[in-house]
Amino acid sequence: GTGCSNTFNRTITVQPTPRVEFTWPQGEEICGPNAQIVISNTSQAFGTATYLWAVNPATGVTISDATAQNPTITFPDNQTGANRLYTVSLTVKSGQGCDAVLAKPLTVKPRPVAAFTLPDKGCNSPNIAPANTSSGATA
Numbered sequence: 001g002t003g004c005s006n007t008f009n010r011t012i013t014v015q016p017t018p019r020v021e022f023t024w025p026q027g028e029e030i031c032g033p034n035a036q037i038v039i040s041n042t043s044q045a046f047g048t049a050t051y052l053w054a055v056n057p058a059t060g061v062t063i064s065d066a067t068a069q070n071p072t073i074t075f076p077d078n079q080t081g082a083n084r085l086y087t088v089s090l091t092v093k094s095g096q097g098c099d100a101v102l103a104k105p106l107t108v109k110p111r112p113v114a115a116f117t118l119p120d121k122g123c124n125s126p127n128i129a130p131a132n133t134s135s136g137a138t139a
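The numbers in the sequence shown follow the numbering used here, run straight up by one, and end at 139.
A portion of the hints provided could be inaccurate.
[Claimed, not checked] Using C-beta positions, here's what the derived DEER-type ranges look like:
hint	residue 1	residue 2	range
1	Pro-16	Ala-82	39 to 49 Å
2	Ala-129	Gly-81	53 to 63 Å
3	Lys-104	Asp-65	49 to 59 Å
4	Ala-58	Gly-81	17 to 27 Å
Since the hints were made in silico from the structure, they are not lab data.
For clarity, every value in this text was computed on a predicted model and none was experimentally measured.
Beta carbons: idealized from backbone N, C-alpha and C, even for Gly.
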């Protein structure tokens with residue numbers, strides 16, 4: 001046979017996906033009132049990168065600037081008696097529109113609650129014996 005053929009060539013450019021990486025020096029477990037992490041973002045992207053930070057669950061969490069390269073994230077005071085688990089995630093978008101996401105776990109440990117009781121009555125004694133009713137800590 002006498003077949004027909006046709007060829008079409010087109011050059012396409014495949015842009016690299018951003019490499020997402022971040023850490024915080026406070027470690028994977030934090031505690032205390034106003035528990036904070038200060039992000040160190042070492043992500044790399046082709047062209048001008050944009051950033052979007054999120055925390056799940058987000059209730060009570062404050063991100064200083066969710067589009068900053070290195071924000072500070074503040075977590076609510078934990079007086080529940082149990083660890084609270086969060087996921088901190090970063091989406092990086094390159095100048096060419098390619099994006100990538102990285103999520104890391106964080107535990108906010110419960111803050112100890114100091115408390116004690118005193119006897120209602122005493123009998124002229126200089127010795128008073130308070131009872132420790134604190135929680136979340138050892139003596």
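Original post:
For this structure, which hints from the list above don't hold up?
Top reply: 2, 3
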